[in-house]
Amino acid sequence: MGTMGLALPWKTRISSVPREREMRVEPSEDLKGRPSQTVAPPAMTAAPSEDAALAARCRAGDLAGYERLYAMHGARMKNVARNLLGNAIDAEDAVQETFLKVQRSIAGFRGQSSFVTWTYRILINTCYDARRSRVRKKEVATEDSDNSPRPEPRAPGAHPALRMALERALASLTKHQRDVFLLYEVEGFHHAEIAGMLEITETASKNTLFQAKRNLRQVLEPPRGNSAAGAR
Amino acid sequence: MNIKCEDRDRIFEDGTPAEWAALEAHSANCGLCAEELRTWKSLSTTAQELRDYSDTPSLWPRIERALVEQAAAGKHRAERWRWLSFGRRFSLGLQTAVAGALVLILTVSAGWLYWHGSKLVEQPNHSLLKSPALAEVERAQVAYEQAIDKLAVQAKPELEKPSTPLQANYREKLLVLDSAINDLRAQAGMNPSNAHLRQLLLAMYQEKQQTLEDILEEKR
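Protein sequences appear in the order of chains X and B.
Each position in the first sequence, counted from 1, maps to that position plus 28 in the numbering used here.
Each position in the second sequence, counted from 1, maps to that position plus 2 in the numbering used here.
Misleading hints may appear alongside valid ones.
[To be verified] With a straight-line Cα cutoff of 25 Å, these simulated PhoX-like cross-link-like pairs (lysine-lysine) come out: (1) B/Lys158 with B/Lys77; (2) X/Lys203 with X/Lys165; (3) X/Lys165 with X/Lys129; (4) B/Lys163 with B/Lys152; (5) X/Lys129 with B/Lys6; (6) X/Lys234 with X/Lys129; (7) X/Lys234 with B/Lys6; (8) X/Lys203 with X/Lys234; (9) B/Lys175 with B/Lys163; (10) X/Lys234 with B/Lys43; (11) X/Lys203 with B/Lys43; (12) B/Lys77 with B/Lys163.
What the hints contain is simulated information worked out from the structure, not anything from laboratory work.
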């Protein structure tokens with residue numbers, strides 16, 4: 029695997045950035061006051077009344093309702109899809125397909141989860157379908173059997189090398205671990221929301237995130253024995 | 003709250019805010035936990051490198067166009083099938099009455115098919131005679147009966163006063179045959195188109211004819 033042996037000097041290269049989330053159980057005291065280097069995620073979920081109103085507008089076939097949904101979540105939906113599919117073109121197709129599916133099935137939405145969570149669930153399933161379809165096409169074309177998404181170059185960030193290392197490390201995770209990690213750590217969803225999107229329990233989401241981070245740490249962290257030997 | 007190094011992974015997985023605070027306090031005096039905590043947090047920080055919420059101006063117009071097209075297609079489809087929903091214009095009572103009538107008609111039809119179907123199943127070999135064929139069979143039967151009656155007239159003296167045990171047996175046999183013939187004729191009268199009954203009747207007549215011929219032969 030290409031990610032093995034890739035090591036990051038944590039202490040020197042990774043800077044801490046404040047998490048702009050509410051109600052997330054993670055320490056932040058030592059991170060406070062440092063400048064944010066990335067765009068903050070959009071509002072996590074709309075207030076229940078706003079969510080219901082948005083659902084009602086979409087159910088009524090009001091295009092402005094869909095436009096509002098796109099304005100609130102379009103960028104994040106595209107980012108979720110890009111991280112799941114590996115490129116922007118497929119991501120845009122997935123977002124468009126998601127909006128069409130929402131329009132087709134809004135009559136069947138019963139409000140058991142929030143409208144936005146339901147929309148993201150459709151997006152994630154659409155991405156899964158696209159991934160499966162891509163794997164099938166690959167099999168037909170008898171290309172290599174690597175079915176993990178291949179990230180395409182993005183706009184340069186604060187730490188391009190770091191981002192590339194993380195993308196490669198993510199490829200070493202299971203599909204489930206990668207999805208939970210992306211939804212929680214990158215997109216800033218709560219475990220309850222992820223549970224609704226992936227149709228798992230909140231506890232399973234927490235456990236999967238823990239496993240994902242532990243595996244990522246093993247892949248990214250420099251072997252301690254070798255570092256010590258190198259220092260000598 | 004007193005936190006130990008062994009609690010670290012559990013707190014990483016599902017710790018409460020108070021436990022996280024306690025772990026941070028513990029890390030101030032524990033180098034290993036401080037390192038682990040820093041690494042753990044760094045993963046979250048690094049993950050933000052994968053966040054790119056840059057706008058794609060062409061995406062919403064594209065989605066909007068697709069939504070409009072899909073809505074138009076849906077409307078067109080709905081109009082095509084609107085005639086199916088004409089029943090909604092009638093009151094619930096009327097709809098129930100119509101549904102009840104339909105159920106009744108279906109039940110009666112099913113019952114009729116069941117009874118008549120079962121009769122047909124019970125008599126799978128009993129083909130039905132059509133009108134011209136039936137008339138021909140009845141004509142032949144009448145002629146046959148008349149011919150046998152002539153034979154019976156010739157054999158009548160022997161049958162009334164049998165001179166031998168054999169003739170007495172013949173007489174008994176003819177009585178049984180006549181009884182069977184009468185039964186079959188009664189059934190054939192009720193079901194004249196039943197070819198199987200006609201064949202049984204013919205077999206009885208043939209047996210009676212043979213018996214009468216045997217009696218006359220013995221007389222000679």
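Now the hints, each set against the structure:
| no. | hint | verdict |
| --- | --- | --- |
| 1 | B/Lys158 with B/Lys77 | violated, 93 Å |
| 2 | X/Lys203 with X/Lys165 | holds, 19 Å |
| 3 | X/Lys165 with X/Lys129 | holds, 23 Å |
| 4 | B/Lys163 with B/Lys152 | holds, 19 Å |
| 5 | X/Lys129 with B/Lys6 | violated, 50 Å |
| 6 | X/Lys234 with X/Lys129 | violated, 29 Å |
| 7 | X/Lys234 with B/Lys6 | holds, 21 Å |
| 8 | X/Lys203 with X/Lys234 | holds, 15 Å |
| 9 | B/Lys175 with B/Lys163 | holds, 15 Å |
| 10 | X/Lys234 with B/Lys43 | holds, 15 Å |
| 11 | X/Lys203 with B/Lys43 | holds, 22 Å |
| 12 | B/Lys77 with B/Lys163 | violated, 99 Å |
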